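Chains as they are written, first to last, in the numbering used here: chain F, 1 to 282; chain U, 1001 to 1258.
These are computed hints drawn from the structure, not numbers from a lab. Owing to the predicted nature of the structure, the values given are computational and were not obtained by experimental measurement. Hints should not be assumed to be uniformly reliable.
What the hints assert, rightly or not - Below, in silico cross-link-like pairs of lysine to any residue (SDA-like), each with a Cα-Cα straight-line distance of 20 Å or less: (1) LYS222/F - ASP1121/U; (2) LYS155/F - ARG1137/U; (3) LYS222/F - HIS1123/U.
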Amino acid sequence: MNAVTYNFAYLDEQTKRMIRRAILKAIAIPGYQVPFAAREMPMPYGWGTGGVQVTAAVIGPKDVLKVIDQGTDDTTNAVSIRAFFRKVAGVATTTHTAEATVIQTRHRIPEHPLKEGQILVYQVPIPEPLRFLEPRETETRVMHGLEDYGLMHVKLYEDIAHHGRIATAYAYPVKIAGRYVMDPSPIPKFDNPKMTMSPALQLFGAGREKRIYAVPPYTDVKSLDFEDHPFEVQTFSEPCALCGARNVYLDEVVLDDRGGRMFVCSDTDNCESRRDETGAQS
Amino acid sequence: MTEAPILEVRDLAKHYGARLGCTDISFDLWPGEVLAVVGESGSGKTTLLNCLSTRLTADSGSVVYAMRDGSRRDLTTMMEAERRFLMRTDWGFVHQNPADGLRMGVSAGANVGERLMAIGDRHYGRIRDTALDWLSRVEIAADRIDDGPRAFSGGMRQRLQIARNLVTAPRLVFMDEPTGGLDVSVQARLLDLMRSLVRDLGLSVIIVTHDLAVARLLSHRMMVMKDGRVIEEGLTDRVLDDPREPYTQLLVSSIPQA
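Put together the whole structure using the sequences plus the hints.
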């Protein structure tokens, strides 16, 4: 019996065209959420169905795919999606940021600087930055249309009033090219500065919410803040316990039940390459 | 009083399908004037207020508003972006139920500061100082600034709603039964506060109420509505002390002592 065969990259060509049209529109209006007819994918919602559809629509046979989940290449989500595309598109995969042409990500932007020609695809759970302030979708659409964004600062005001500083640590709202306020997906705000003027194309796919949005290369991305409480990123007092890197995003790893813990790079590829380099030198 | 009315209403009408909301409404509102709209439930008062404040679209007629820059604009043909800007700068809207006019999920300070942030203020310290100032003006203690409206009593919520509306120094305030659902002593304090704010700030106010005592205390002029039409209009004292229409006479005589 023949194995079930799929169209290249799982989705049929009509669906891919539909998604590409949405992507083109999203690139033309940076930060604007374009509705699209998201399909059922062979994985549950919340596992990155939006990102997978965007990746399927933009990937070609010569592309090299990298998939990361919270910075790592070896967690379930990343391994499964990589295997999925190896199977249904037969594309090469890698864990090295510099070698990849398409990078699908959940919750991180790689530490290694991105370059022109690369596409970063984000998996987005909730695309609407105003959602928890204004639950009515009809109203948030009007607010985006009229650039009525005072409410976003109400949230930041509440942070400062209750915590003495802007306590929002991830999914930190940004303004794209001076116009649309956008949710950068749940990346730590540590990664926000990497988005602005990035040479790579950044695409965002939300499968359950059926929205696609984009930040084209070399676009201004500004994190919202107050004049007297400017935007700032997390800082870490210790370097990575494995590779000694500073100015990277660290994960806390609990080692035992007696309070032992270490801080290590969240970006495993970056950490491993650094260790390989130092190992080669010594 | 200055030369021109702040609001000129001509032949305003609103129907809900075949049912009449209000019709044949024409009046002028002058700067600094408080106009009460009274009448029983279902007489079209709230429909009129919502049409004037562009929360509802009127079927016909015109509402000309004197903008801050002196130009006169018809609200019924204004773009939504401009209307929204008016609503959060030049106007206030005080709802009967404070929960409709407040953001219940955020603190009192954020409620007062929202309009400032909406018009582009991006300085936390300044926003907070302004919020504190307004809370004290509506007699809410400074240490309640970080509490949410859910922790406030009905009267405090209503005062918070007033502060939230007045923070951008509006010129025209719409009020829909602002004292409804409050007990008598709280009502009295609220009315006292509203009267002094209106006088100090020189506000123009259109207040919808079924409570003639509120109308007598606050308003200069009064319109009596019945079945969607204005049946009598005049100075508040004149209408209450010498009502001409039979319906108004009935209304006035129905309260123990006006």
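A quick look at each hint next to the structure:
{"no.": "1", "hint": "LYS222/F - ASP1121/U", "verdict": "17 Å, holds"}
{"no.": "2", "hint": "LYS155/F - ARG1137/U", "verdict": "25 Å, violated"}
{"no.": "3", "hint": "LYS222/F - HIS1123/U", "verdict": "17 Å, holds"}
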